[in-house]
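Peer 1: Can you make the complete structure from the sequences, with help from the hints?
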Amino acid sequence: MLSPEEWEVISLSLRVATWNTLLSILPAIACAWLLSRRDFPGKAVFSTLVHLPLVVPPVVVGYFLLVLMGRNGLIGGWLFDTFGISLIFSWKGAVLATAVMSFPLVVRTIRLAFDGVDRKLESAALTLGAGPVRVFLTITLPLILPGILSGATLGFARALGEFGATITFVSNIPGETRTLPVAIYSLLQVPGGEDRVERLVILSLLLAFGTVALSEWLARLTRRQLDGGRHA
Amino acid sequence: MLEVSVTRPLPALTLEAHFSAGRGITALFGPSGAGKTSLVRMLAGLDTPAHGRIIVNDRPLFERAATGPATCNIPPQKRSIGYVFQENRLFPHYTVRGNLTYGRTSAAAAGKAPVTFDDTVSLLGLEALLDRKPATLSGGEQQRVAIGRALLSNPDLLIMDEPLSSLDLARRHEIMTLIERIRDQFDQTIIYISHSIEEVIRLADTLVLMDQGKVQAFGPATDILSRPALFPFTGGSDAGTVVEGIVTGHDPDHRLSRLDTPAGLLTLPLVPAEPGERLRIRIRARDIAISTRPVEQISILNRLRGIVSAVHPAGSGSVDVTIDTGVPLTARITRKSFDDLGLDVGTEVFALVKSVTADAYHRHSGE
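Going down the list, the protein sequences come from chains A and B. Just add 140 to the spot in the first sequence (first one is 1) and you have the working numbering. Just add 824 to the spot in the second sequence (first one is 1) and you have the working numbering.
One or more hints might be untrue.
What the hints assert, rightly or not - Partial list, computed: chain A residues near chain B (C-beta under 10 Å): (1) P181; (2) T267; (3) V275; (4) L277; (5) T278; (6) L283; (7) L285.
Said to hold, decoys possible - Below, simulated DSSO-like cross-link-like pairs (lysine-lysine); rule was C-alpha separation at most 27 Å, straight line: (8) K1178(B) x K260(A); (9) K1178(B) x K1160(B); (10) K260(A) x K902(B); (11) K183(A) x K232(A).
No wet-lab data here; the hints were simulated from the structure. All values reported here derive from a predicted model rather than from experimental measurement. Backbone N, C-alpha and C define an ideal beta-carbon position, used for all residues, glycine too.
Peer 2: Structural data, given as structure tokens:
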């Protein structure tokens, strides 16, 4: 059904999006918690930094990644010299680019979930002898689980669609950094690729629908956990 | 045993509370906004006093002098204070069983003789609900689970913040009976917040009167409730003497019951109580008339002889006359009658109790 070339594009896109989600979910929960529950000096600056990729042009984000994480970059140079890791022109770099771009969306969604938790339940748990860690693990975390799931889905979907930062940072290498949107863009650049473009566009839509459906299903599952099946 | 002496500035007023309370039920009574909830939140460690001290069973939970830092401030999870909140605050993602056992681990670690799960479940009638989620329970059921959850954490002190406020009348009586059983069966010291005088009359052993962020008075409930000087706080025009007595018998033909009180034998409308049971009744000051001579040929059944022991002006042309009948019984009469009868401290009078109304309350006290 899929040509080897299409399969390569799809599997790469899924791999990048999956790693993006896995790697960013814990830091996103931590950032969301900080933004929702803690007051500290520089919170406004921190919040702005986290949300910056939402408003900065993706190409600019890609440029900064290039400058910072490239082999001559501040961090990238150190990474290469110390561990021999090079992100540039690698699918790992694509993961980094999509992670930076999707991070604010994930944080925002989880932060709203934190805001929505009834703090009174947490203080009730305290009076029952549970310390802050137990309260977080047994009360807060289960209650924000739907938010975490939808944040993760959103991040996953955003990663599947990331174009600007990816192509700027890690370029367009078949099998390595040519993700779905980059592939569509490339095909549009050569004459006669229309029907191959159409197939990729349809695949892209199917992936998006699948992701949303999965997320809806998970959300319903967790909601049922809360209301004891009353609205099941 | 609870000793409290705390100060905390609040947005509208400064909360200042000094009182101590022993075993049984201590009611914190006062109008909304008196600072009752703010006070118990400090006991539970959910808020911090500006200074003062809180001691439960000789264990200091908070200590801070007027100057300097706090020398003791136990975090809420280590205070061993159970808290039944006004809203039930059940954990929506746990079953009833999960909610009930949530506090068990920490209590078991503290190595106390625990309140058992089975006893609590059967006392509160929760057997059939154990596997359900809180969202599927009725208001009364939720509140019973919330009480059970707090009780099962084996607290040194159990705080109940208006636990009946969201319930209908029938449920209220049911829960009040359960609270009395918790006090007696588990020998649990309870702080009970209420702005309903009926609940206080029925439940309180000790009463702490609060108004405007200050403790106006505290002491044995019957004593505080019966003090004329405190009538403005304890019921206004409905205020009166609260007397405890023992049911001696019934007269079903006339639908009456007899109650042996320190003031003498009282007749009251038939109450659903067994002879020998202890009751607490309120005799409203405005329901008592005074005569200086024995009155015969009158419809009033309860006539008590006594000596005027105190006189309090009650405002708007009336006076509260306290008559020592074995217990101090207060009658509210007009100033004109007071003058015409030539009453004064020491005068021998007859108190004519027009009605001992349906304000009769059960007391399943363990005394």
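Peer 1: Minimum Cβ distance from T267(A) to chain B below 10 Å?
Peer 2: At about 4 Å, which falls below the 10 Å cut-off, the nearest Cβ of chain B leaves the hint on T267(A) intact, so it holds.
Peer 1: Please check whether V275(A) passes as an interface residue: C-beta within 10 Å of a C-beta belonging to chain B.
Peer 2: Constraint on V275(A) satisfied, holds at 8 Å.
Peer 1: Please work out if K1178(B) and K260(A) have their alpha carbons no farther apart than 27 Å.
Peer 2: 48 Å, violated
Peer 1: Between K1178(B) and K1160(B), is the straight-line Cα distance small enough, at 27 Å or below?
Peer 2: 20 Å, holds
Peer 1: Hint check: K260(A) vs K902(B), CA-CA at most 27 Å. Holds or violated?
Peer 2: 18 Å, holds
Peer 1: Hint check: is the beta carbon of T278(A) less than 10 Å from a beta carbon of chain B?
Peer 2: At about 8 Å, which falls below the 10 Å cut-off, the nearest Cβ of chain B leaves the hint on T278(A) intact, so it holds.
Peer 1: Can the restraint linking K183(A) and K232(A) be considered satisfied, given a maximum Cα separation of 27 Å?
Peer 2: Distance of about 30 Å is beyond 27 Å: violated.
Peer 1: Holds or violated: L277(A) as interface residue toward chain B, Cβ cutoff 10 Å?
Peer 2: Violated, about 12 Å.
Peer 1: With 10 Å as the cut and Cβ atoms as the points, is P181(A) at the interface with chain B?
Peer 2: 22 Å, violated
Peer 1: Given L283(A) was flagged as interface, is its beta-carbon under 10 Å from a beta-carbon of chain B?
Peer 2: 7 Å, holds
Peer 1: Quick check on the hint: L285(A) CB to chain B CB, less than 10 Å?
Peer 2: 9 Å, holds
Consistency with the previously given hints fails for numbers 1, 4, 8 and 11, ordered from lowest to highest.
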